[in-house]
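Respectively, the protein sequence lines represent chains A and B. No gaps in the numbering here: position 41 of the first sequence is 41 in this note's numbering, and each next residue is one more. When you read off a place in the second sequence, starting at 1, and then add 1000, the result is the number in this note's numbering.
No lab work stands behind these hints: they were computed from the structure. Quantities reported herein were computed from a predicted structural model and do not represent experimental measurements. Some hints here could point you the wrong way.
[As the list claims (entries may be wrong)] Calculated lysine to any residue pairs in the SDA-like style (CA-CA distance at most 25 Å, straight line):
id, chain 1, residue 1, chain 2, residue 2
1, B, 1049, A, 29
2, B, 1103, A, 99
3, B, 1103, A, 3
4, B, 1103, A, 16
5, B, 1103, A, 73
6, B, 1103, A, 41
7, B, 1103, A, 2
8, B, 1103, A, 38
9, A, 13, B, 1040
10, B, 1049, A, 56
11, B, 1058, B, 1022
12, B, 1103, A, 71
13, B, 1103, A, 95
14, B, 1049, A, 2
15, A, 13, B, 1041
16, A, 30, B, 1037
17, A, 30, B, 1045
18, B, 1058, B, 1085
19, A, 52, B, 1095
[Claimed, not checked] Examples of chain B residues lying across from chain A (beta carbon under 7 Å, computed):
id, residue
20, 1022
21, 1042
22, 1043
23, 1044
24, 1101
25, 1102
26, 1107
27, 1108
For each residue, glycine too, the CB sits at the ideal point set by N, CA and C.
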Amino acid sequence: DAGVTQSPTHLIKTRGQQVTLRCSPISGHKSVSWYQQVLGQGPQFIFQYYEKEERGRGNFPDRFSARQFPNYSSELNVNALLLGDSALYLCASSPQDQPQHFGDGTRLSIL
Amino acid sequence: AQSVTQLGSHVSVSEGALVLLRCNYSSSVPPYLFWYVQYPNQGLQLLLKYTSAATLVKGINGFEAEFKKSETSFHLTKPSAHMSDAAEYFCAVSQAGGTSYGKLTFGQGTILTVHP
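For reference, chain A alone in the conformation it holds in the complex (with noise of 0.2 Å):
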């Protein structure tokens, strides 16, 4: 099977732009978490999605957002990006009452 998987892998982009990360979680995890990783930190929980709600939010601003879709995959937006917001961002995924499995993240990088 396949594991989670996220794209892009590495993205690029300038102060003030807006992104979009994207998850596909293992086939039959309903439930859908994503998490910064700053470099030398471990990481920090964002959000938590089961069955197109939201379950849980960390404590990051508004300008972070997520959905989940009916087929349980997930985007991240992030809007009016900051330097600070460079990082590694996670996705992990879930069934009921069990464990995560990460994805490899997407690296993103801001100029």
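Once you've looked at the hints, dock chain B against the given chain A.
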């Protein structure tokens, strides 16, 4: 609120030596605890999890961890290090049950270096 503290941002061992990576947690509710490993330019791979069953948890690649409630610790060990164990290791905590697996709080990570 939950938090995780990993003691030691870098740990260096010789091949064949004991690996010990330390993790302490804080949680106001019964926790689930996890160890993940991250190789360069990759996502995180689950090594093992504690979900309130046996306190000594065995994972993949010969790793194990022991949940000690009195010490609020969940240290990761491996009796004999291999060169392939060199990576960054993250301890994480979540609330018990249901979709809470999807809301992990991670520690800062420990980079393990293995010398020949």
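Verification of the hints:
At most 25 Å may separate the alpha-carbon atoms for a hinted pair to count; residue 1049(B) and residue 29(A) meet this at roughly 19 Å. Of the supplied pair hints, the one linking residue 1103(B) and residue 99(A) holds, its CA atoms being roughly 10 Å apart against a limit of 25 Å. Under the criterion of a C-alpha separation no larger than 25 Å, the hint pairing residue 1103(B) with residue 3(A) is consistent with the structure, at around 19 Å. For the proposed pair residue 1103(B) and residue 16(A), the alpha carbon gap of about 29 Å is over 25 Å, so the pair is violated.
As the CA atoms of residue 1103(B) and residue 73(A) are separated by approximately 18 Å, the hinted pair is consistent with the 25 Å bound. Under the criterion of a C-alpha separation no larger than 25 Å, the hint pairing residue 1103(B) with residue 41(A) is consistent with the structure, at around 17 Å. Taking the CA atoms of residue 1103(B) and residue 2(A), the gap is near 23 Å; set against the 25 Å cutoff, the hint holds. Of the pairs offered as hints, the one joining residue 1103(B) and residue 38(A) holds, with about 18 Å between alpha carbons and a cut-off of 25 Å not exceeded.
With a CA separation close to 23 Å, the supplied pair residue 13(A) and residue 1040(B) stays within the 25 Å bound. For the hint linking residue 1049(B) to residue 56(A), the alpha-carbon distance of about 21 Å falls within 25 Å, and the restraint holds. At most 25 Å may separate the alpha-carbon atoms for a hinted pair to count; residue 1058(B) and residue 1022(B) meet this at roughly 16 Å. Taken as a hint, the residue 1103(B) and residue 71(A) pair is honoured in the structure, with Cα atoms around 21 Å apart against an allowance of 25 Å.
Between residue 1103(B) and residue 95(A), the direct Cα distance comes to roughly 13 Å. Compliance with the 25 Å bound is thereby established for this hinted pair. For the suggested pair residue 1049(B) and residue 2(A), the alpha carbons sit about 23 Å apart, so the restraint of at most 25 Å is met. Taking the CA atoms of residue 13(A) and residue 1041(B), the gap is near 20 Å; set against the 25 Å cutoff, the hint holds. Of the supplied pair hints, the one linking residue 30(A) and residue 1037(B) holds, its CA atoms being roughly 24 Å apart against a limit of 25 Å.
Straight-line distance between C-alpha atoms of residue 30(A) and residue 1045(B) comes to about 19 Å, which keeps the hinted pair within the 25 Å bound. For the proposed pair residue 1058(B) and residue 1085(B), the alpha carbon gap of about 16 Å is at most 25 Å, so the pair holds. A C-alpha spacing of about 21 Å is found between residue 52(A) and residue 1095(B), which places the hinted pair at or below 25 Å, so the restraint holds. For residue 1022(B), the interface hint is violated, the least distance from its beta-carbon to any beta-carbon of chain A being 15 Å, above 7 Å.
Below 7 Å, beta-carbon pairs count as interface contacts, and residue 1042(B) has one with chain A at about 5 Å; its hint therefore holds. Look at residue 1043(B): its Cβ gets to within about 4 Å of chain A, closer than 7 Å, so that hint holds up. Given hint, residue 1044(B) at the interface with chain A, holds; its Cβ is 4 Å from that chain's nearest Cβ, closer than 7 Å. Against a cut-off of 7 Å between C-beta atoms, the interface hint on residue 1101(B) holds, since the closest Cβ of chain A lies about 5 Å away.
A distance limit of 7 Å between C-beta atoms decides the matter here; for residue 1102(B) the minimum to chain A is near 4 Å, and the interface restraint holds. Hint status for residue 1107(B) relative to chain A: holds, with the closest Cβ pair at about 5 Å, below 7 Å. For the restraint placing residue 1108(B) at the interface with chain A, the shortest Cβ-Cβ distance is roughly 5 Å, inside the 7 Å limit, so the hint holds.
Going down the numbered hints, you'll see the structure goes against 4, 20, while the others check out.
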